[in-house]
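Counting from 1, position 65 in the sequence shown corresponds to residue 78 in this note's numbering; the numbering is continuous, with no gaps.
Keep in mind that a hint or two might mislead.
Stated by the list, open to error - Derived CB-CB ranges, DEER-like:
{"id": "1", "residue 1": "Leu175", "residue 2": "Gly196", "range": "20 to 30 Å"}
{"id": "2", "residue 1": "Glu49", "residue 2": "Gly123", "range": "43 to 53 Å"}
{"id": "3", "residue 1": "Trp131", "residue 2": "Arg32", "range": "38 to 48 Å"}
{"id": "4", "residue 1": "Gly123", "residue 2": "Pro149", "range": "34 to 44 Å"}
{"id": "5", "residue 1": "Thr91", "residue 2": "Thr16", "range": "11 to 21 Å"}
{"id": "6", "residue 1": "Glu49", "residue 2": "Arg208", "range": "15 to 25 Å"}
{"id": "7", "residue 1": "Met79", "residue 2": "Cys213", "range": "31 to 41 Å"}
{"id": "8", "residue 1": "Ala76", "residue 2": "Gly130", "range": "22 to 32 Å"}
{"id": "9", "residue 1": "Leu195", "residue 2": "Arg126", "range": "33 to 43 Å"}
{"id": "10", "residue 1": "Gly36", "residue 2": "Asp215", "range": "19 to 29 Å"}
{"id": "11", "residue 1": "Asp132", "residue 2": "Asp86", "range": "22 to 32 Å"}
{"id": "12", "residue 1": "Met79", "residue 2": "Val15", "range": "37 to 47 Å"}
{"id": "13", "residue 1": "Glu48", "residue 2": "Thr91", "range": "15 to 25 Å"}
These aren't lab readings, by the way, just hints derived from the structure by calculation.
Being a predicted model, the structure only gives us computed values, none of them experimental.
Each residue gets a CB set at the ideal place from its N, CA and C atoms; glycine is no exception.
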Amino acid sequence: MVTGSVEGLAGLVDSALRRRQSGAVAAFVAGAPQEEVALAAVRVLGPDALAPALLAGAAPLGADRMVLVRALDAHPVTGADGLEVLCLTQAARALCGGEDATGVGSAAAGWARATAGWDWITLSRRVAWLAPMAWPQLCGPVGETVCGRAVDVGRGLARAMLRRDYPTAARLARWAALAGRLGTDPGLDLDTVTRHLDLCGDASSRTALHTELARRMTPAAAEGP
């Protein structure tokens with residue numbers, strides 16, 4: 014049930030992104046038959062639930078931020094959650110004004126330190142789960158690590174494409190695009206990657222959302238026509 018709700022919300026956010034609209038999250042929860050399930054979906058998307066505002070560089074609507082806060086409170090971090098969950102939670106809290114957005118919390122710094130012992134496959138697999146943090150204003154130490162190992166992220170993206178693991182490829186494409194925007198070269202033609210994902214990717218709304226965000230995050234898209 015939660016998986017279906019996540020897919021529904023991802024589709025709404027993707028549609029709002031293309032139409033340059035905000036407010037999809039608050040409307041989604043308000044119209045949901047089961048509010049708890051809807052809040053769980055918001056919790057899963059995390060910062061990406063507010064993607065239209067983040068992409069526009071604008072402050073998210075107060076109603077949308079409040080829904081994200083409610084989702085975080087309804088589904089708090091537990092001791093069994095991994096470092097990636099802590100990173101995403103602190104990034105979402107920062108977005109809602111609960112933490113310093115420039116530091117994005119201690120978990121991200123701890124994650125960045127841990128990567129020193131990871132090979133490129135481990136790095137790409139772990140950073141893929143942090144795709145909802147792949148925003149210039151939220152990436153913090155994770156973004157610095159990705160920029161420092163952009164070629165490794167590019168290798169992970171190429172590996173995912175060859176394995177037809179399109180959900181992972183779309184997530185890594187976001188980090189590769191962000192690295193390019195921040196001045197480092199992941200060694201891939203991201204326009205070709207996103208076109209391939211559009212044509213051959215799975216039918217998941219969340220993969221489609223990651224792909225669209227990767228496309229919008231490329232340096233060429235940032236420069237505009």
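Starting from the hint list further up, note which numbers the structure goes against and sort them upward.
2, 4, 6, 8, 9, 11, 12
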